[in-house]
Amino acid sequence: MAAYPAWDPESARAIVARLAHLEGATLPILHALQEEFGHVDPQAVPLIAEALNLSRAEVHGTLTFYHDFKTAPQPARIVKLCRAEACQALGCEAIVETLAREHGIAVDDHHRADALVETIYCLGNCALGPSALVDGELLGRVDADRIAALCRGQTQ
Amino acid sequence: MAPSTPMRVYVPIDAAALSVGAEAVAQAVAREAQARGLTVEIIRNGTRGMLWLEPLVEVETPEGRIAYGPVAAKDVPGMFDAGLFVGGVHPLRLGKTEELDWMKRQQRLTFARVGVTDPLSIADYRAHGGLKGLEKALALTGHDIVQVVKASGLRGRGGAGFPTGIKWQTVHDARAEQKYIVCNADEGDSGTFADRMLFEGDPYLTIEGMAIAAVAVGATRGYIYLRSEYPHAFRTMQRAIEKAEAAGLIGASVMGSNHAFHLEVRLGAGAYICGEETSLLESLEGKRGVVRAKPPLPALQGLFGKPTVVNNVLSFAAVPWILAHGAQAYADYGLGRSRGTLPVQLGGNVKRGGLIELAFGISLRAIIEEMGGGTLSGRPIRAVQVGGPLGAYLTAAQLDVPMDYEALAAMKAMLGHGGIVVFDETVDMAKQARFAFAFCAKESCGKCTPCRIGATRGVEVMDRIIAGTDVPKNIAVLRDLSKLMTDASLCALGGLTPMPVMSAITHFPEDFDRPPSLRQDIPMAAE
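Each protein sequence line maps, in turn, to chains A and B.
For the first sequence, the working numbering gives the first residue as 1, with consecutive numbering after it.
For the second sequence, the working numbering gives the first residue as 1, with consecutive numbering after it.
For reference, chain A alone in the conformation it holds in the complex:
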């Protein structure tokens, strides 16, 4: 369960300065900011644009193109549930239905503050699905009860 500091322009500026020398630094910077704050505040856009001599539009474009980058604070617990073909073959869609019906958890519902079950496509665990990724740990052979328990804050 992650707890992140509030957005802070000074430490954001320091992160940008530390990575600005890289070739094609935008993605490494966005990843570093998200790792620090749990999301990338849109206030970072002008900071990055200035440091890398890019237009704000270019940085905004990159920030918003990729599924990974979030521009608002996220729930403390995020369960990434694989819904690609190999996990479909093992019933991941039935998990999604059971979560909604029996646990009141709607997948990809961003309105809940405590936990989010997010759709992801392929975790490379296709022989041991259905799979999920929680706090950087890969879980195999998951079912709806386990996903619901993870949403309640249970550790693996």
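It is worth saying that the hints were derived from the structure and are not from the lab.
None of the hints are false.
Covered by chain B, per the in silico footprint, the following chain A stretches (three or more residues, Cβ under 8 Å):
id	segment
1	27-37
2	64-71
3	113-122
4	131-141
Where chain A lies over chain B, by a calculated footprint (3+ residues, C-beta under 8 Å):
id	segment
5	17-29
6	182-190
7	222-232
8	268-277
9	349-358
The C-beta atom is built at its ideal place from N, Cα and C for all residues, glycine as well.
Fit chain B to the known structure of chain A by using the hints.
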């Protein structure tokens, strides 16, 4: 065994093994050994690829490594009681790892060390044949290295199957102050995990392959673009690059030569399209992952406009073996225009899933039925998708096709990155066709209209077909739309999304003409 020799136990650190409890098993082994006053060296290896047996624990004995699996932490005390370190009899004892049928049937060239060695030990890497290819390459001219790769018949393992040597030749012949080597590790296709397994189980192999490419074409910088869904592989590869640099394998000098090669691993950010090489290059440059029109070819104007070798992980990883053992030795595997070995990844609803490296030419049926043991649910196989989300669905009757690029292409299917996903009879192929469009709509970069708009129209048409509305008319629209996307899309995402759709409608027409009242989900069989 001499009492001074610590007993050696292998517990995989591969993410798939961890996903079913390998960490708890490793801890249990350490705890149990301590409680019994035994000195044990626990090596965290990669996975052997027998994923249904994970966590697979191996013990080194005088007669070889003995495998136990699948092991739960609670089984560990009993295994110690049974004489674990002499390979004692226990219900989970499988026998000598090398002699298990699954391992014996394979021809492991690329995956020879995965699961065998300590992934981050350079000494282990070298002791098991590592760096021989790079050493050979350093004694050759760039031109000669390219000739060896050409003669091996190696074709790009990312899916397109373009001859690797010809790509290298183009970059070799280009004149530029800066050239790049880029490794495509954005393994986004569902059903594939070979790159992940290789990065976690034998990271130096890809580093060595990239270094050989750098020496061959005269490049001094390289990037590995790895998908963010693989945090374990990212950590292992980062540490491997640091260690390889510290050991002088890469960096300012490649193994003491006057070639420099600086390598970095970069994380993607959850965009499937970045597995397409030009979109990957845009992403590495810090931009939106939007596909570029070709020409210019990346080999001439690639990363930052410079000549760039872009290859898949498995292409780079095949090269050290080719250099070490010779082009002909590699070409002796395989058939027709598909030479060498192919790491097949078997997943989905299958009893025994995992990684199988074999010469091209084995039939899909042998892989799925003999090695895979049929479905996990025990129900009959209905459909098999080969080559990821853009690959065709085949029927159970079509599985005698050999695994090679041309044979699959001849039946309007594709090999792709070698992933096989098995579905049992509960699958609704109309829903799979709808998913193909929905996935394309979600992941389209938006640059070309056929993909951006076509995918969304495809979802709508499929919704009408599933609802039973004007089915014949809507199937005509579907065929027309698929033809347009195939012919007019800029890259493979829009261009190949019709492949799973059309294969589903061709081979499973009954699923496209069914009253909605009969379209109910059959629940999954309990395991």
